[in-house]
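Asker: First residue of the sequence shown: 0, per numbering that gives the first Met the number 0; consecutive thereafter.
Bear in mind the hints are in silico, worked out from the structure with no lab data behind them.
Glycine residues also receive a C-beta, built at the ideal position from the N, C-alpha and C atoms.
Careful: at least some of the hints might be erroneous.
[Said to hold, decoys possible] Here are the computed distance ranges between Cβ atoms for each label pair:
1) Glu60 with Tyr23: 29 to 39 Å
2) Phe37 with Ile90: 14 to 24 Å
3) Lys1 with Ile77: 26 to 36 Å
4) Asn34 with Phe57: 31 to 41 Å
5) Ile12 with Tyr74: 17 to 27 Å
6) Asn61 with Leu81: 30 to 40 Å
7) Lys114 with Tyr83: 31 to 41 Å
8) Gly86 with Lys114: 40 to 50 Å
9) Gly86 with Thr8: 37 to 47 Å
10) Lys63 with Tyr4: 13 to 23 Å
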Amino acid sequence: MKKTYFSLTGFIILISINYILSNYTKQDITGSLNNIDFYKIIKQSLQPQLVFLLIIFFSRENIKAPIFSMFMFGYIIIELILRYFNGKEIIEYNYAIGMALGIILVFVIESLKEKFIIKGKQIKNDN
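Build out the structure end to end from the sequences listed, making use of the hints.
Answerer: Take a look at the structure:
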């Protein structure tokens, strides 16, 4: 399977899951900001995966998951700091847990990419 088809298929699947989950994660501002919400965590975990698949799709070079995860951890830390100093003193746990879970799942995507793309190239080279 080609790299572009792999990332495009994964991107379409994750976008459809994100759309389905958006019905369950309507914004509720009822004072329950720090309650753990499973659907919000899953929806937040899709963001790093979608960004990773887009980078794979548009890049000529292969990006590795550890480099991407360091970039995303920096992004998460900066965003949490800016949220804290922008008047939202309460840290939203659903965001932090979801993004960390998404970064872990990026490593799963990387292993699937290696499994399908590299094995496909090896089979072509053997023939």
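Asker: Taking the hints in turn, state whether each one holds.
Answerer: Consistency of the hints with the structure:
{"no.": "1", "hint": "Glu60 with Tyr23: 29 to 39 Å", "verdict": "holds, 37 Å"}
{"no.": "2", "hint": "Phe37 with Ile90: 14 to 24 Å", "verdict": "holds, 18 Å"}
{"no.": "3", "hint": "Lys1 with Ile77: 26 to 36 Å", "verdict": "holds, 34 Å"}
{"no.": "4", "hint": "Asn34 with Phe57: 31 to 41 Å", "verdict": "holds, 37 Å"}
{"no.": "5", "hint": "Ile12 with Tyr74: 17 to 27 Å", "verdict": "holds, 23 Å"}
{"no.": "6", "hint": "Asn61 with Leu81: 30 to 40 Å", "verdict": "holds, 31 Å"}
{"no.": "7", "hint": "Lys114 with Tyr83: 31 to 41 Å", "verdict": "holds, 40 Å"}
{"no.": "8", "hint": "Gly86 with Lys114: 40 to 50 Å", "verdict": "holds, 46 Å"}
{"no.": "9", "hint": "Gly86 with Thr8: 37 to 47 Å", "verdict": "holds, 41 Å"}
{"no.": "10", "hint": "Lys63 with Tyr4: 13 to 23 Å", "verdict": "holds, 20 Å"}
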